[in-house]
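Q: Now for the letters of each chain:
4 protein chains.
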Amino acid sequence: MPLPYLTPLHANALAAHGIPAGWSFGMADRVRFGELDALNHVNNIVYLRWFETLRVAYIQDYGLSDYVDQTADPEIVVRDLSARYLKPMFANESYIVTARTAAFRTTSFTMEYAVYSGDLRATGTAVIVCLKRDGTGRWPLPDAVRTRFLEEDGAEAAS
Amino acid sequence: MPLPYLTPLHANALAAHGIPAGWSFGMADRVRFGELDALNHVNNIVYLRWFETLRVAYIQDYGLSDYVDQTADPEIVVRDLSARYLKPMFANESYIVTARTAAFRTTSFTMEYAVYSGDLRATGTAVIVCLKRDGTGRWPLPDAVRTRFLEEDGAEAAS
Amino acid sequence: MPLPYLTPLHANALAAHGIPAGWSFGMADRVRFGELDALNHVNNIVYLRWFETLRVAYIQDYGLSDYVDQTADPEIVVRDLSARYLKPMFANESYIVTARTAAFRTTSFTMEYAVYSGDLRATGTAVIVCLKRDGTGRWPLPDAVRTRFLEEDGAEAAS
Amino acid sequence: MPLPYLTPLHANALAAHGIPAGWSFGMADRVRFGELDALNHVNNIVYLRWFETLRVAYIQDYGLSDYVDQTADPEIVVRDLSARYLKPMFANESYIVTARTAAFRTTSFTMEYAVYSGDLRATGTAVIVCLKRDGTGRWPLPDAVRTRFLEEDGAEAAS
Numbered sequence: 001m002p003l004p005y006l007t008p009l010h011a012n013a014l015a016a017h018g019i020p021a022g023w024s025f026g027m028a029d030r031v032r033f034g035e036l037d038a039l040n041h042v043n044n045i046v047y048l049r050w051f052e053t054l055r056v057a058y059i060q061d062y063g064l065s066d067y068v069d070q071t072a073d074p075e076i077v078v079r080d081l082s083a084r085y086l087k088p089m090f091a092n093e094s095y096i097v098t099a100r101t102a103a104f105r106t107t108s109f110t111m112e113y114a115v116y117s118g119d120l121r122a123t124g125t126a127v128i129v130c131l132k133r134d135g136t137g138r139w140p141l142p143d144a145v146r147t148r149f150l151e152e153d154g155a156e157a158a159s
Numbered sequence: 001m002p003l004p005y006l007t008p009l010h011a012n013a014l015a016a017h018g019i020p021a022g023w024s025f026g027m028a029d030r031v032r033f034g035e036l037d038a039l040n041h042v043n044n045i046v047y048l049r050w051f052e053t054l055r056v057a058y059i060q061d062y063g064l065s066d067y068v069d070q071t072a073d074p075e076i077v078v079r080d081l082s083a084r085y086l087k088p089m090f091a092n093e094s095y096i097v098t099a100r101t102a103a104f105r106t107t108s109f110t111m112e113y114a115v116y117s118g119d120l121r122a123t124g125t126a127v128i129v130c131l132k133r134d135g136t137g138r139w140p141l142p143d144a145v146r147t148r149f150l151e152e153d154g155a156e157a158a159s
Numbered sequence: 001m002p003l004p005y006l007t008p009l010h011a012n013a014l015a016a017h018g019i020p021a022g023w024s025f026g027m028a029d030r031v032r033f034g035e036l037d038a039l040n041h042v043n044n045i046v047y048l049r050w051f052e053t054l055r056v057a058y059i060q061d062y063g064l065s066d067y068v069d070q071t072a073d074p075e076i077v078v079r080d081l082s083a084r085y086l087k088p089m090f091a092n093e094s095y096i097v098t099a100r101t102a103a104f105r106t107t108s109f110t111m112e113y114a115v116y117s118g119d120l121r122a123t124g125t126a127v128i129v130c131l132k133r134d135g136t137g138r139w140p141l142p143d144a145v146r147t148r149f150l151e152e153d154g155a156e157a158a159s
Numbered sequence: 001m002p003l004p005y006l007t008p009l010h011a012n013a014l015a016a017h018g019i020p021a022g023w024s025f026g027m028a029d030r031v032r033f034g035e036l037d038a039l040n041h042v043n044n045i046v047y048l049r050w051f052e053t054l055r056v057a058y059i060q061d062y063g064l065s066d067y068v069d070q071t072a073d074p075e076i077v078v079r080d081l082s083a084r085y086l087k088p089m090f091a092n093e094s095y096i097v098t099a100r101t102a103a104f105r106t107t108s109f110t111m112e113y114a115v116y117s118g119d120l121r122a123t124g125t126a127v128i129v130c131l132k133r134d135g136t137g138r139w140p141l142p143d144a145v146r147t148r149f150l151e152e153d154g155a156e157a158a159s
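Chains as they are written, first to last, in this note's numbering: chain V, 1 to 159; chain F, 1 to 159; chain G, 1 to 159; chain E, 1 to 159.
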C-alpha cells in the first residue's frame, strides 16, 4: 500500500507503517531538493519547518485554532522550540513526522515531535501558550482538548 | 478517491483530477503554514519552489540527471525562470502542479509549469541548459530523452 | 570605505561602488550559508527573494505602500516575476542588488533588478498592479510617484 | 553612527550599541518582508536561520572550518538546537544577533545566541560536535580555538 502522503495519519495508520506505539498523529512526506543545504543533507532548520507544518495541522485537528481567523481566541504563542539530530537525511528520502502533547497545564502545553525514515532521525519539542486576544491574559484549554490530550496522546496533566 | 499526494502523477491520473489535456507530469500537494507570507496568501516566490521540486522529479524521471552524483554529465543549469500569478492561494488549499517540456534544441530545453486548485492559479517557465562537467561545452540531449519530450510532452523540436 | 550593508543606496553611492549608470536604488548584502543549495551555489530562487526584499524597500521609499497597514490603498499585486542567471554565486560573496522602474502605465509598473558582485550575476523583472482595497478596480499611481519613476529611474511612461 | 550591518561585530562595537557585557561576537541586520509569516511577525523558525548565519561566520572566524572544503577536518555536526521566544519582532525592525561558546569539551562545544532589538527578543543554543572526515571518530578542538573560547567568550572548559 503506498504511503498516504500528507493526510494526517492516526494511531492505526502510523502503527501500520512501523512507527512505535505512543504516537497518534503524523504526516508522511518526502525530502525535496530545496530542503538540502550545501552539505548535501537536509538542513537542520528544515526539520523545525516540518514540525511547524504538523503542529498547525494538529492544532486545527484538535480544535484549538483554525489559524485563519486572527480575532478568535486563543492566540497560539510558541514559547520554546528545540530539535535533536540523530542521523542525517538525504535527497528523496520518504519519512513520517509525528506529534503529540506530552504534558499540559491550565493554559499551556508541551508537544513532542519525531521524524522516522526507517529509523529515528530527529526529535523535537515545542512549548505553546494560549493567550486571550484582548490582552487580558492567558486562555484556559477547554475540556474537549484536555480530554484528547489525555486519551489520544497519553499526555500528563499538571496543575 | 483521495488525491495521491506527491507521487508523480501521469497523464491519466491528471485527467482524472480535472487537469486539462496537454500535461503529462504532475504532483499534488497542499499549502503549508510556512508558505504564507504577511499578506496571508502563498508568497509569490513559493510557487517557484513548487516548480523546482517538480522540475527535479521530472529530470530524474526522464533520466537526465539524478541530482546526486555531481560528477556525472550533464550539469543541469537553469538559465531563466518566470512565473505569472493569476489568482492567489490560501492556507490549506490542495493543488496540483504540472510540468512539461514545450520546446527543445540540441543541448537545451524550455519547460512550462502550471498550478491548478479548482481553477488555474499560476503558470511558469524555465530555460535549462545541459553542460559537460569537464568545462568543454554543451552536452547534447540523448535520443531517449528527446523521444519522451516529443511523445509524452508534445514538445516542439528546434534545430 | 566598507560597504554600507543594507542601507538603501542611491545613485551616487551605487556609482561609487562600481555599479553602471542607470540604477538609482540598491542594497548591499552578503551570501549566507542558508542561501546555498545542494549544488553549493546560491539557489536560483534566492535571487527572487533578494529582489523581493529590495522591491518592498523601494515601494516603501517611493511612498506607494508601507506594507503594514493592510487596509490602506493601494493593494500591491505582483502579476509576473522573472529572473535570468548569468553567472553563479558562492558562499560569502558580497553583492549589490539594484532596482528601478523601467515603464509604467496608469495603474501598473514594470520593475527591473540586477545583482552585481564584481560583474553582473543575474537580472530580473516584476510587473506590479495597484488595486483598490474595496474591490472596485485599479488604483491610479499618484503624480508624486510617477515623477520619481520618471526623474530618478528614467522610466518610460505609457498611456 | 549608522549600524555597520552584517560585519562581524566584536565586544567593543557590541557594547557601543548597547549589548550587555558577555557577548563578543555579533552581527546587525534588519527584518525582511520574507521573514514574516501569516501572523505578521517574524516566523519562529527564522530566528534559527539568523543563529545559523552567525554560527557559520563564528566558526569561520574562529578558524574551526571554512565550510567550503568538504574534505578538510573537522566535519561540523549540529547535534541540538533550541530557541526561546521572549517578545515578537515585526517588519523592518533592526536587530543585533550575538553568539558565544558557553562551554566546551574535548571534541564538542555548546553555543548560546541572543537577539536584541532595544530589548532582548529571543535566545538560543546549539550543541556542536567535531568529527573526523575519515569516519574514525571525534576530532579534538585545537588549542588555539580552546584559547579563544576561554578568553573571548568566557567559556567553561569541561574534561
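Worth double-checking, as some hints may not be accurate.
Identical copies go unnamed one by one, so any copy, or any two together, can satisfy a pair.
Listed next, the in silico SDA-like pairs over lysine to any residue satisfying Cα-Cα at most 25 Å (straight line) [unchecked claim]:
no.: 1; residue 1: Lys132; residue 2: Ala21
no.: 2; residue 1: Lys87; residue 2: Asp73
no.: 3; residue 1: Lys87; residue 2: Arg133
no.: 4; residue 1: Lys87; residue 2: Leu39
no.: 5; residue 1: Lys132; residue 2: Ala16
no.: 6; residue 1: Lys132; residue 2: Ala144
no.: 7; residue 1: Lys132; residue 2: Val68
no.: 8; residue 1: Lys87; residue 2: Arg121
no.: 9; residue 1: Lys132; residue 2: Gln70
no.: 10; residue 1: Lys132; residue 2: Gly22
no.: 11; residue 1: Lys132; residue 2: Ala15
no.: 12; residue 1: Lys132; residue 2: Asn12
no.: 13; residue 1: Lys87; residue 2: Ala157
no.: 14; residue 1: Lys87; residue 2: Thr147
Since the hints were derived computationally from the structure, they do not count as laboratory data.
All values derive from a computational prediction rather than experimental measurement.
Q: Next step is simple, just say for each hint if it's right about the structure.
A: Structure-based check of all given hints:
Taking identical chains as interchangeable, the C-alpha atoms of Lys132 and Ala21 are never at most 25 Å apart, the minima being 35 Å within one chain and 36 Å between chains. Proximity of Lys87 to Asp73 under the C-alpha cut-off of 25 Å is restricted to the inter-copy arrangement: shortest distance 19 Å between copies versus 39 Å within a copy. In the homo-oligomer, the alpha carbons of Lys87 and Arg133 lie at most 25 Å apart only across protomers (16 Å), although the nearest pairing inside one protomer, at 40 Å, exceeds that limit. Taking the shortest Cα distances, Lys87 and Leu39 sit within 25 Å of each other both inside one copy (14 Å) and across copies (21 Å).
When the C-alpha separation of Lys132 and Ala16 is checked against a cutoff of 25 Å, the pair qualifies neither within a copy, at 40 Å, nor between copies, at 38 Å. For the homomeric pair Lys132 and Ala144, the shortest alpha-carbon distance inside one copy (18 Å) is at most 25 Å, but the shortest distance between copies (43 Å) is not. When the C-alpha separation of Lys132 and Val68 is checked against a cutoff of 25 Å, the pair qualifies both within a copy, at 16 Å, and between copies, at 23 Å. Proximity of Lys87 and Arg121 under a CA criterion of 25 Å is satisfied intra-copy only: 5 Å inside one chain copy versus 31 Å between copies.
Taking the closest pair of Cα atoms, Lys132 and Gln70 come within 25 Å of each other both inside a single copy (11 Å) and across two copies (23 Å). In this assembly of identical chains, Lys132 and Gly22 lie within 25 Å of each other by CA distance neither inside one copy nor across copies; the values are 31 Å within and 36 Å between. Proximity of Lys132 and Ala15 under a CA criterion of 25 Å is satisfied in neither setting, with 37 Å inside one chain copy and 37 Å between copies. With identical chains, the CA atoms of Lys132 and Asn12 are never at most 25 Å apart, being 35 Å at best within one copy and 42 Å at best between copies.
In this assembly of identical chains, Lys87 and Ala157 lie within 25 Å of each other by CA distance neither inside one copy nor across copies; the values are 32 Å within and 27 Å between. In the homo-oligomer, the alpha carbons of Lys87 and Thr147 never lie at most 25 Å apart, since the shortest distance is 34 Å inside one protomer and 31 Å across protomers.
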